[in-house]
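Engineer: These are the residues of each chain, in order.
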Amino acid sequence: MTEMIKGYNFAFIDEYAKREIRRKILKAVSIPGYQVPFGSRELPIARGWGTGGLQITLSLIGKEDILKVIDQGCDDSVNAVNIKRFIKATTGISITADTLKATIIQTRHRIPEEELTEAQILVFQVPYPEPLRLVEPQEAQTRRMHAEMDYAKIWVFLYENIVKWKEITIGARYPVFVNGRYIMDPSPIPRYDVPRLNYARTLYLFGAGREKRIYAIPPFTEVKPLEFEDHRFRIEDFTAKSCALCGSKDTFLDEIVDGDRRIFTCSDTSFCKKRREDPNIPKSSVKK
Amino acid sequence: MQDIILKVRNLSKKFNLHLLGGKVITAFQNASFVLKRGEFLGISGKSGSGKSSLIKCIYRTYLSTEGEIVYYPKNGMPIDLARCLDEEIIDLRHRKIGYVSQFFYAIPRVSCLKIVTQTLIQQGVDEDGAKRRAKNMLLRLLIPERLFDAYPSTFSGGERQRVNIAQALVKKAELLLLDEPTASLDKTSRAIVLDEILKLKKKGISVIGIFHDDEELKRFADRILVLEEGKIKEIYKNDKNS
Amino acid sequence: MRDWILKVENLTKIYGDGCPNCLKSETNKCPFCRATIAVNSVSLALYSGEILGIMGESGSGKSTLVRSLYFDISPTLGEAYLNGEERNIFNFNSQEKRKLRNFNMGMVYQSPYRGLNFEITAGGNVAEKLLMANWRSYSNIRRRLIDLFEKTELPLNRMDDFPATLSGGMQQRIQIAKALANNPEILFLDEPTSGLDLSVQARLLDLIKKIQQELKISIILVSHDLGVIRLLADRVLVMREGRIIESGLTDQILEDPQHPYTQLLVNSML
Chain A
1 MTEMIKGYNF AFIDEYAKRE IRRKILKAVS IPGYQVPFGS RELPIARGWG TGGLQITLSL
61 IGKEDILKVI DQGCDDSVNA VNIKRFIKAT TGISITADTL KATIIQTRHR IPEEELTEAQ
121 ILVFQVPYPE PLRLVEPQEA QTRRMHAEMD YAKIWVFLYE NIVKWKEITI GARYPVFVNG
181 RYIMDPSPIP RYDVPRLNYA RTLYLFGAGR EKRIYAIPPF TEVKPLEFED HRFRIEDFTA
241 KSCALCGSKD TFLDEIVDGD RRIFTCSDTS FCKKRREDPN IPKSSVKK
Chain B
1001 MQDIILKVRN LSKKFNLHLL GGKVITAFQN ASFVLKRGEF LGISGKSGSG KSSLIKCIYR
1061 TYLSTEGEIV YYPKNGMPID LARCLDEEII DLRHRKIGYV SQFFYAIPRV SCLKIVTQTL
1121 IQQGVDEDGA KRRAKNMLLR LLIPERLFDA YPSTFSGGER QRVNIAQALV KKAELLLLDE
1181 PTASLDKTSR AIVLDEILKL KKKGISVIGI FHDDEELKRF ADRILVLEEG KIKEIYKNDK
1241 NS
Chain C
2001 MRDWILKVEN LTKIYGDGCP NCLKSETNKC PFCRATIAVN SVSLALYSGE ILGIMGESGS
2061 GKSTLVRSLY FDISPTLGEA YLNGEERNIF NFNSQEKRKL RNFNMGMVYQ SPYRGLNFEI
2121 TAGGNVAEKL LMANWRSYSN IRRRLIDLFE KTELPLNRMD DFPATLSGGM QQRIQIAKAL
2181 ANNPEILFLD EPTSGLDLSV QARLLDLIKK IQQELKISII LVSHDLGVIR LLADRVLVMR
2241 EGRIIESGLT DQILEDPQHP YTQLLVNSML
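Chains as they are written, first to last, in my numbering: chain A, 1 to 288; chain B, 1001 to 1242; chain C, 2001 to 2270.
Hints are not guaranteed to be accurate.
What the hints assert, rightly or not - Pulled a few chain C residues facing chain A out of the computed Cβ check, cut under 8 Å: (1) P2031; (2) C2033; (3) L2077; (4) S2094; (5) I2120; (6) R2136; (7) S2137; (8) I2141; (9) E2153; (10) L2156; (11) N2157; (12) E2214.
Please keep in mind that the hints were generated in silico from the structure rather than gathered at the bench. Cβ atoms here follow ideal geometry from the backbone N, Cα and C, with glycine treated the same way.
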């Protein structure tokens, strides 16, 4: 264990606050897809910069944990690096970029390409936890709609999408139906990652610090994207495109404009690195 | 009892005009009579003698002040038309009791064929059958086919009244109440309407009717009830009709 | 005789704290506590397949009455029952009430702004009801919309237009199509034709009559327009100061009104 800064509690937040957050996480796990309000704490980073995810990570993390933090799949972006430094400084635990080695992964807007296991927890940073906000501005109303499963309004939104564009045009934040009960915002992950929510082996926790909500998808839970029988949910299409660095054709790609050139690279940088060393590593390298 | 369809006992109608400081006007009082099944009872009397009010009380357009109007349907229990529930009256109006007045209200911009057809549909006749019967009846009342899709509000007074009569005659009521149905008709259409009424009578339908013209009344009334200043002066057998 | 389908007993809506004397009040303003008694101890029965008219001047409580029955307003006192359901529907929880609103009842408001969402298309407004009933096939929804648009005589090529671009008469037809989407047994019409010009009004009245006959739906029609009541309603309740002061067959109420107020109303008819 490396040196940690003095004068602060382990993992920054005091133990009573951690206990409250853990209680709220338990409630969230018990009611998949339900948004549990929690007392979001002040942190040395601004609200809206991943404080929800961070509070979940800080209240769960132990001295033996190995942490990975990604920002849109990237381990080295400013936000991810800052969060890693902060956690390291207040816990002294070790950090990794390797998806398979991490016990806790905090993520902004992506699910790693490699298949996660039941030994891991994926913590999502959530900007807007309310999937119904799109169609209903009032919190009192959206709460009532969830309570009564009154979801017609969001379905009308999808209907109108098809009327106007012949298909559902939602990109990220595609609303999903969890455990046959709640409609949930999966955070701004691409549609590509949505199927990974369904019957996953890993515990998914979602934290919205500014909006003060925690919700969860426990392992092996049914998660279905909203779709019509004759207008099915579709993921992004990368046909005939491949990563300019590792050459992979089966991963989620980011488009980069380099001068006049438009190139595509893997969004999951650590997996891209692995593929460059060994192009044959499968997406799901973990045996079932 | 089987041969009686209507028994009116001690029936009175008074209007309490609140706008005139509670002034009470008596339309008729202590009317008692019976109508036999299949009988045509004519009502005669001067204007203001209470003829229309009597018919309207039976149809429940007016609420009777005193007395009873017991109706004996062919199948079912006797029922007091003066006191029974509104719902029961609605049901009887749809199925058993027809009424033709001098006035005609219809939804604007509904074709005359549709008006007559709807009456039958309300009785439970299927749409095709209703349409066929409605067309037949309109043709018999000399409404030409080219007018079927036109709105009665654009018709002449006589034509409109014939649509009104068609609407009442097309359903096979047990009891028909006529309040000067021919008043606004010319000679030819009057003859046709009277002919239709006669046909219904021959089919055994019981009728109470007021006619503008006493001669007309005597053509088919079995008995004639004479009202004078709201009281029944006499009821006599009409010998001219046999 | 026909069966009753909705029964209301002693429905009362008081705005304000209310006091024990409110229900005895002659007017809709309680002389003791100054509360407004919008609806005062109203009882009625709606029979299957009939059109029941409620007439009365503005402020007589007729709209409050139907909006209470549609759960837009929660009544202060009173009970309502649907045939075949033993519990007072006012005691239903909000989910059960919503279900009744979606499946057993339909509502057409005087103002389309109350009945329609102007942010979504005409078709979307109607589709919402189908989506509430878990329709999940886009093409089936579109087919049902075409059916409903035809039934309510709406032009199909306006289905994907926004309500604001449609005429007042069309907006009311969309409300009707929406109200009929899930084949309800009861339809509430709250001044459905007021404010429309006469030719549009006539066609709408004809449509309502047609729908009532074809679908055998039971209708409560609120109107201050005696002409509309005369053409559509089988029976009428007359309301004043929150109370029903008189009821009867439509032609009887119009030709032989008993209550002084009804006599005044009928005599004021053009």
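Engineer: Run every hint past the structure and note whether it holds.
Structural biologist: Now the hints, each set against the structure:
For C/P2031, the suggested interface contact is broken, since its CB lies about 36 Å from the closest CB of chain A, more than 8 Å. Taking 8 Å as the C-beta cut-off, the interface hint given for C/C2033 is violated, the closest approach to chain A being about 30 Å. For C/L2077, the suggested interface contact is broken, since its CB lies about 25 Å from the closest CB of chain A, more than 8 Å. A hinted interface residue such as C/S2094 counts as satisfied when its beta carbon comes closer than 8 Å to some beta carbon of chain A; here the least separation is about 6 Å, so the hint holds.
Proximity of C/I2120 to chain A holds as hinted, the smallest CB-CB distance being about 6 Å (cut-off 8 Å). Because the closest C-beta pair between C/R2136 and chain A is about 5 Å apart, less than 8 Å, the hint holds. Taking 8 Å as the C-beta contact cut-off toward chain A, the hint placing C/S2137 at the interface holds, the least distance being around 4 Å. Annotation: interface hint on C/I2141 holds; nearest CB of chain A at approximately 7 Å, less than 8 Å.
Violation of the interface hint for C/E2153 is found here, the shortest Cβ-Cβ separation to chain A being roughly 22 Å, above the 8 Å cut-off. For the restraint placing C/L2156 at the interface with chain A, the shortest Cβ-Cβ distance is roughly 13 Å, beyond the 8 Å limit, so the hint is violated. Checking C/N2157 against chain A: minimum C-beta separation of about 13 Å lies over 8 Å; hint violated. Annotation: interface hint on C/E2214 violated; nearest CB of chain A at approximately 26 Å, more than 8 Å.
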